[in-house]
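Asker: The primary structure of each chain is shown beneath.
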Amino acid sequence: MAEKRIRVLVAKPGLDGHDRGAKVIARSLRDAGMEVIYTGLRQTPEQIVAAAIQEDVDVVAMSLLSGAHNHLFPKVVELLKEKNAEDILVLGGGVIPEADIPFLKERGIAEIFTPGTPTGKVVKFIRDKIGEKV
Amino acid sequence: MLEKEKWQELSKAKENWEKGTVEKALSKFKERQEEFNTGSGIPIARLCTPLDAQKLDYENDLGFPGEYPFTRGVQPTMYRGRFWTMRQYAGFATAEESNKRYKYLLEQGQTGLSVAFDLPTQIGYDSDTPIAQGEIGKVGVAIDSLADMEVLFNGIPLDKVSTSMTINASAAILLAMYIAVAEKQGVSTEQLRGTIQNDILKEYSARGTYIFPPTPSMRLITNVFEFCAENVPKWNTISISGYHIREAGSTAVQEVAFTLADGIAYVEAAIKAGMDVDDFAGRLSFFFNAHNDLFEEAAKFRAARKVWAKIMKERFGAKNPRSWKLRFHTQTAGSTLTAQQPDNNIVRVAIQTLAAVLGGTQSLHTNSRDEALALPSEDSVRIALRTQQIVAYESGVGETIDPLAGSYYVENLTTEIEKRVWAYIEKIDALGGAVKAIEQGYIQKEIADSSYAYQKAMEAGQRIVVGLNKFQMEEQPVKGLLRVDPAVGEAQVKRLQELKKSRDNAAVQNKLADLRQAAQGETNLMPYILAAVRLYATEGEICNVLRDVFGEYRPVEIL
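Those protein sequence lines, which keep their order, are chains A and B.
Just so we're on the same page, our numbering is the position in the first sequence counted from 1, plus 2.
Just so we're on the same page, our numbering is the position in the second sequence counted from 1, plus 243.
Rather than coming from a laboratory, the hints here were simulated on the basis of the structure.
Be a bit skeptical, because a hint or two may be false.
Facing chain B, according to a computed beta carbon distance under 7 angstroms, are these residues of chain A, among others [to be verified]:
hint	residue
1	L17
2	G19
3	E100
Partner residues aside, some chain A positions facing chain B, computed with beta carbon under 7 angstroms [to be verified]:
hint	residue
4	K25
5	P99
6	P120
Have a look at the derived ranges for each label pair, beta carbon to beta carbon [claimed, not checked]:
hint	chain 1	residue 1	chain 2	residue 2	range
7	A	E57	B	D791	28 to 38 angstroms
8	B	L294	A	E57	36 to 46 angstroms
9	A	R32	B	R275	26 to 36 angstroms
10	A	A87	B	G429	27 to 37 angstroms
11	B	L349	A	F105	48 to 58 angstroms
12	B	E765	A	A53	35 to 45 angstroms
13	A	A53	B	L349	38 to 48 angstroms
14	A	R32	B	R565	47 to 57 angstroms
15	B	A756	A	A53	34 to 44 angstroms
16	B	K670	A	R32	43 to 53 angstroms
17	B	E718	A	A53	28 to 38 angstroms
18	A	R32	B	Q719	45 to 55 angstroms
19	B	K562	A	A53	32 to 42 angstroms
These figures come from a predicted structure and were not determined experimentally.
The beta-carbon is built from N, C-alpha and C at its ideal position, and this holds for glycine as well.
Bound conformation, chain A alone (with noise of 0.2 angstroms):
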């Protein structure tokens, strides 16, 4: 029987342009015998949520360069809480100060990756926090 596969949505939120980062995880998800689903630029947070339930995910990877990720991020939890999906997986990535970090966690994104992170540690994090669950 075929192992279920890990499904994730890659997603951009907020006006921010930037998706070299966003596409090379996508790529780098896929390769590694993920399933993914890249949203596109310029989506909401509740886009996002409905993509996620929409696609039965169990992770939700945002990337986010503009800064206004203290705003968007933990929007998406809250509306994921919401509509009864908390148990999605909600990762975090892009030029995000240090300091920004505890807040973003407190807030239930559970890692958040930054600029000259190895694409290898995105994958080994999401499975072994899938792993868990399944």
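Following the hints, put chain B in place on chain A, whose structure we already have.
Answerer: Coordinates of chain B only, in the frame set by chain A:
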């Protein structure tokens, strides 16, 4: 001795060197790598000799500075006349804050302004739009109306400075606001100098701040060309940008190829709109990236000038030599900066500055060491500006024109890049031009493939980034990063609401109705936008009228 015999003799001598001296050395020490390539994948020879440049025809391939094909530079005396314009891209939070930063930079010896707008401004949303929340004043200054623009340039005489504005989908509106500020200062449009980026095609392929679909976007762009040709003759009406294509992960060759292909599309659109090529081509400008691969980068700029000159002269039949010149701004490569050991970024930026200057740039922005961490702090911006000043005043590289010319290696690279750029342009022509290539996702796919290949090479240790995948160390978090106060957003929204109460709303609605009607027809929209802007119509209101008429762009997502 006959020419042919001379080459044969040299070829033989080189062979002897390889079989003798080199083989002997290799038997003791192997080279660091099996093969060496530039970032674009161009093979690098162990040694270049006159053999590598033997096909070069000096007058046709290189020529003289200020003359066709401009390989050696667009100005006859280059930096012996005056240095490049040192132009730091800046803007954040409110118009007041940014105005202070501009005045600081001008006091520090900067010679031109470069305005960064926040994302809502770039995408045509007023600060009170729901999707703008969290983004106001973050990556640039928030501008909703002429009232903000008046504050932004308060005390800065617009007849004295040249101003570059990174604005694309809504460029026509921000240019109209700039003109309206000048009017209030008593400065005529003939005196205004500066640039709007106004390059929508790379927004679709790499940068993401599009609003409207390609056809109406191209109309807005050609409207600006036409309006400026008549009214703002010293204004650079577009900055055709490879910078963001490169940042998105392309190679140097792709950067030049895709940028020049976009350039071809703009020239074709303007000609189709009824303009004569020589009426607008002289106001086209370009914007490139400067990476660490010093020689490939310098060669890239030389090759770009040569290819563009040929395109304008031969393909479009431009007669005015000014139309043949590729004048460009450069910015050092943000994507090469590391969050790890950020002071190392100062050194990277210095190398990239050299690449841009050796490549003959007309203006330059140097990035700040802390950009992989946050918006740059004032100290970091000053060091970045000082880096340019040190290269200009202390290194001596500007004292003679195009000093790398004649280097067997650099000439060889220039020729090789040129060849590969032409191959891409042919491919894009075959797809139906840049607009079609973007609509089919071809350019996005090419960029994403290069970016992924680079990431893999780095993770495999084939590409070394100091401090990142080699020579790492434990670090303390960096202090003194710039933060934009979240209260900026609320204050900006309040300011906008007050404006909407105090202006003549009936008059604004009239002008917006005029604009709607004009947009439905085929007339030039600039006069209508200018009329609305003068009465403090907001950027969002103007864009919403155009969204209604033009629709919005829906991207193809390419992974």
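Asker: Would you say the C-beta atoms of A/E57 and B/D791 sit inside 28 to 38 angstroms of each other?
Answerer: holds, 32 angstroms
Asker: With a cut-off of 7 angstroms on the beta carbons, see whether A/G19 makes it to chain B.
Answerer: holds, 2 angstroms
Asker: Report holds or violated for the interface hint on A/P120, using the least CB-CB distance to chain B and a cut-off of 7 angstroms.
Answerer: holds, 6 angstroms
Asker: Hint A/E100 vs chain B: min CB-CB distance below 7 angstroms?
Answerer: This interface hint holds because 4 angstroms falls under the 7 angstroms limit.
Asker: For the hint on A/K25, does the least C-beta distance to chain B fall short of 7 angstroms?
Answerer: For A/K25, the interface hint holds, since the closest Cβ of chain B sits about 5 angstroms away, which is under 7 angstroms.
Asker: A closest beta-carbon separation below 7 angstroms is what the hint needs, so does A/P99 meet it against chain B?
Answerer: Holds. Min distance 5 angstroms.
Asker: The hint says 45 to 55 angstroms between A/R32 and B/Q719; measuring C-beta to C-beta, is that right?
Answerer: This hint is violated: roughly 36 angstroms between Cβ atoms.
Asker: A range of 35 to 45 angstroms was offered for this pair. Does it hold for the Cβ distance of B/E765 and A/A53?
Answerer: holds, 39 angstroms
Asker: Assuming the hint says 47 to 57 angstroms, is it satisfied by the Cβ distance from A/R32 to B/R565 or not?
Answerer: For B/R565 against A/R32, whose Cβ atoms are near 49 angstroms apart, the range 47 to 57 angstroms holds.
Asker: Measuring from beta carbon to beta carbon, are B/K562 and A/A53 in 32 to 42 angstroms?
Answerer: Taking Cβ atoms as reference, B/K562 and A/A53 lie about 54 angstroms apart, which means the hint is violated.
Asker: Just to be careful: measuring from the Cβ of A/L17 to every Cβ in chain B, is the smallest value less than 7 angstroms?
Answerer: holds, 4 angstroms
Asker: So does B/A756 sit 34 to 44 angstroms from A/A53, Cβ to Cβ?
Answerer: holds, 38 angstroms
Violated hints, in rising order: 8, 10, 11, 16, 18 and 19; the structure is consistent with all others.
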